[in-house]
Amino acid sequence: MTQNDKTINRRNFLRDGLWGGCLATLGIVAGASARKKRNNDLVWQIDPYKCIACDRCATFCVLEDSAVKCVQLYEICGYCDFCPGYFELGATVLDTGAENELCPTGAIKRTFIEDPYYEYDIDEALCIGCAKCVKGCAAFGNGSLFLQVRHDRCLNCNECSIAVACPTGAFKRVPADEPYLLKKVDHA
Amino acid sequence: MVANSHNENNSPQVQATSSWYRCTVATAVLSAVFSIVVCAFMLMNYGRSKMVGTADETVMLDLKSEIRNRPDDEQLLSQIRQFDLLLRQQRIRAVNRARQGGYLLLAGVVVFIISLRSAIAHKKRPPSPQPNADQLKEQVGNAKFSRWAVTGGLAILGLGSLFLATRAEIDFARAGAADASSYSMDEVAKNWASFRGPNGAGISTHTNVPSRWDGKTSEGILWKTEIPLPGNNSPVVWGDRIFLSGADPNNRQVYCFDTSTGKLLWKGDVLGLTKSDEEPLEMMEETGYASPTVATDGRHVCAIFPTGDVVCFDFKGKKVWEINLGRPDSAYGYASSLASYKNLFIIQYDQGGVEDEKSELIALDGFSGRVVWKTKRPVGNSWSSPIVANTGEQFQIITCADPWVIAYNPNDGAEIWRANCLSGDIASSPIYTNGLVFVIEPYSKLVAIKTDGKGDVTKTHIAWVSEEGGPDICSPLSNGEFIFMLATEGLLECYNVSDGKRLWEKDLEEYFLASPSLVGKNLYLLSEKGNMFIAEAGTEYKQSARCEMGEKCHASPAFADGRIYIRGIDNLYCIGSSN
Amino acid sequence: MRPLRNILFGLAISLFVTGMTTGVERFPPPDFVETDHVIPSPTSPGPRQDVYEYIDALVLLAALGLATYLILKKRSRRAIFALTVFSLLYFGFWRKGCVCSIGAIQNIVFSIFDPDYAVPIVVVAFFLLPLVFTLFFGRAFCAAVCPLGAIQDMVLARPVSVPDWAESGLRLFAYVYLALAVLFAATGSAFVICRYDPFISIFRLSGSLNILILGGCLLLIGVFIGRPYCRFLCPYGVILRQLSRLSKWRVTITPDECIQCRLCEDSCPFGAIKKPSAQWPEQEYHIAKKRLAFLLLLLPVLVFLGGWAGSGLKGVTSQAHETVRLAKQIYLEDNGQIVEATDASTAFRATGQQTKELYEQAANIRARFEMGGWILGGFIGLIIGLKLIGLSVWRRRTDYEADRAGCLACGRCYKYCPREHVRLKKMKEGSGKW
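Protein chains in written order, with my numbering: chain A, 1 to 188; chain B, 1001 to 1579; chain C, 2001 to 2434.
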């Protein structure tokens, strides 16, 4: 059994005083940091307007299979026959040949809807987050393809390694109940 | 107790434990070896995906660009597809291997730890404290060494901070005061950074320029280099680099030459329009496919072509950006050269008629190609180039076209003043001297406008107008006292800057397409045949030399320290000596 | 109507640098006339639900409570070890080591200085609970709850004792680490504790190769030198040390009284057992008094020097902040000292923000680092001074005691004490009372 030295002397008084002081400090620190109303956790997300599609999202995530994937915002998509996010710039034949596709893993699926509209879907299992399609879509298309952190994969690290590596500071903390920063629809 | 431990190994109880011990040791060794092997495999996997992976990617890119050139090559096509499949399989395999390897390694290490610890637990001996050494000495010694260790740590921290803190660091507080985002205008003035040099005045800041050379004997000519594609644009010089552009109906290129040897350091291609349903551009022979002169800000060189392509390279030849402004609607073909101000490149994009409202003045950021500002111009198409003039209190971009001469603030593109005084096809660029801007209406007049006005100054700030005709191509030249005009047919005229009175004229009897230049007190006039007339810029015509180069010239020359750079039809010449 | 492909070829705009859109779409939305195709929406899988976060905090509380009971009351190394394994599995491999109490320091500090960031309640709990428990009961957190400590405890097979002077010298690093972590978190530059957490990639089974190597090396060292991260690197441990000194209840090697049998001397792998002090001769006492006086006078000098050095390092420490790095890159590019632009600098120029503004921001951040450097440099100076003083003060001790600050409450020493065996035998015999 542990026992305290109960003798009242200067050292013990000092120690008790310090002890009380520490307890009080902890209380103040708790109060100071908890005073801001925080309902729920914060998670990481990419601001698509700041992203320059540099490809670091694929390599810097601590997971082998990056938690950042491309999303397709169908409302903005032009459903173009020649999709600049799907096809290489110089593609002559609009087929699924490897020489014509931008995506290195073939994660974009092109489905015919009606003439001249095609729908483009992203297979997240294959997407590596390299942003080649994002670059093409933003430069020539409507910008409906952009990168987002997928929260069923993201570990929500205290300090996101991709956020550190991002050259434009496009990563920000957002509340967990609104974890996605999708682009706004803005038809010209 | 101590004696007992020696007998441990002999008792039968211990025999059994020792076989358990051997077992754990064996497991430990096996799992250690296993872990190391798995670790090595994972490192190999990682190394392969990093190093070989990047090499594979470049091969893929090369193959893909190859297929653009030969789209029907079946073999290449299947090669690409197979290679792509291979890459994808490798990537997935690498990811799987990493994950599986991780689990295996974890399992191996866990087994190792467990077996190691049980093995060690078996060899555990009861505590056996050694005979008590001199406790006092030990404790005092410990305290002393510890104090020294802490002091040592303090010393290390101190030295480290001293070393790190005394390194030179940028003082941002002071850096913010001066906007050093580009070379200062003084730096720019030392070079020939755009059409007709600093301020577009055609005046060389170096006076030690050669005054004699002969193309036939190559005397005075330091080097001559062939230019791959033709163009009417003038050389632009910065430091030890000369920039030109050249084009034909299908190709557009930007060139960089070395000033001391004339060697072509690099050439940059403009991708521009590839296949299109638009009709291919056809230019008049006189205008050519590369009329506009390039411009540089000391870091980037920017070129514009009559197809509407604008491209920017850094000094090493790497393309920084390329955009297309849309094909300009210009009667004789777009020919306005670029001007540069700080990090901006200024484009006078005049098109169509006044009523079409298509003309604009555009400023692009040299670093990114972003449109920093764009101002609509109430003018029709023109072929003059904008100049950036230092009026003493501010910089003004001065443009002339039919019918307005307009000055803009280069920082935001806002109009400062405008004067309605021209009509027709304006091809001569304006010049600024002594608070006055001079513009030429072809075959008609020379107008002098004061630059300190605001808004529409047509009625208030036109200093004088001389209606004794004027050239249709060459831009004027002034030394502050006299202003010179050079007609295409060869007529050189001299006027007074103060009142516009004509002082003298001289027929040089050759054709002139290049604009006149001033070096010190001398006029340098380059004829279409390639002959440079050097004369005094004074109250009467006094020719001091006529140097023949031996090749036709359409472009205005560029001047540098002890050098003249002249673009002939096919070659770039450097006039000067090697020191 | 030409196919859109050809129009695109005709345009052939290649924006090499910025892939940003300005929000206005180039192509109109599709008009499905033949099929009644409905435009789908992208999926938005949500993050881990909040309730699980609260469960983590409760598990932490329970583990702390259980650890305290096992250490102080039950005194069973086996049970403590079992709890350690559980903590390793739950907080380490299951929760992947994040959020941990060590990193929570940064969140707390960041939220104090950054008006936009509010730290989640669970993180505050992770920060406070171990501290409060330590303030009352000693370092129960370190014993059996911290996953980083747990993993190191697992690999400890052949403890080698570290000489006292090495221990004192190396521990300075933990204080410097804490100071830097607080500085970088307060200025919003980086969470260095998270960035250089050696064991996180082991918990995640993936991560940067460098951190994996660092973790591997530390574990390898940890096979011989007990808990190297905990003793010499952990910034949270620094705080726990001081609080543990003041704790109301603490670990004692003997359950009741010490008989100076010396059997526990080499039992602690972490060098946390203090031997009884020897008697000092008069001569030594005088020297010591003089030394103490000198060191007391030196203390304010050290604090000042430390603060001065800390503020002088602002050029180096401010580089941790990305705005300062960007400003430096822009400055060097503008002055022609660097030719290659980086993605960050090109993206900055494309935003059109004035470089003057950027420089102002960088200067402001530097000023904050200067202020922080004074405070934290002074803190380091204070620590060094106090340490030196502490090493000059002689405490009279008759028993073998666990070092109040350094004892990690692992319970390894209990079995070495004969009094402990007496207690266990009596309990086994059912005498009940102890």
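Don't take each hint at face value.
Partner residues are not named here, just some residues of chain B that face chain A (Cβ under 7 Å, in silico) [said to hold, decoys possible]:
no.	residue
1	Ile1067
2	Pro1071
3	Leu1086
4	Arg1088
5	Arg1093
6	Val1095
7	Arg1097
8	Ala1098
Since the hints were made in silico from the structure, they are not lab data. Ideal placement from N, C-alpha and C gives every residue a C-beta, glycine not left out.
Exercise for the section: Hints the structure violates: just list their numbers, smallest first. Expected result: Checked against the structure, the hints that fail are numbers 3, 5 and 7, while the rest are satisfied.
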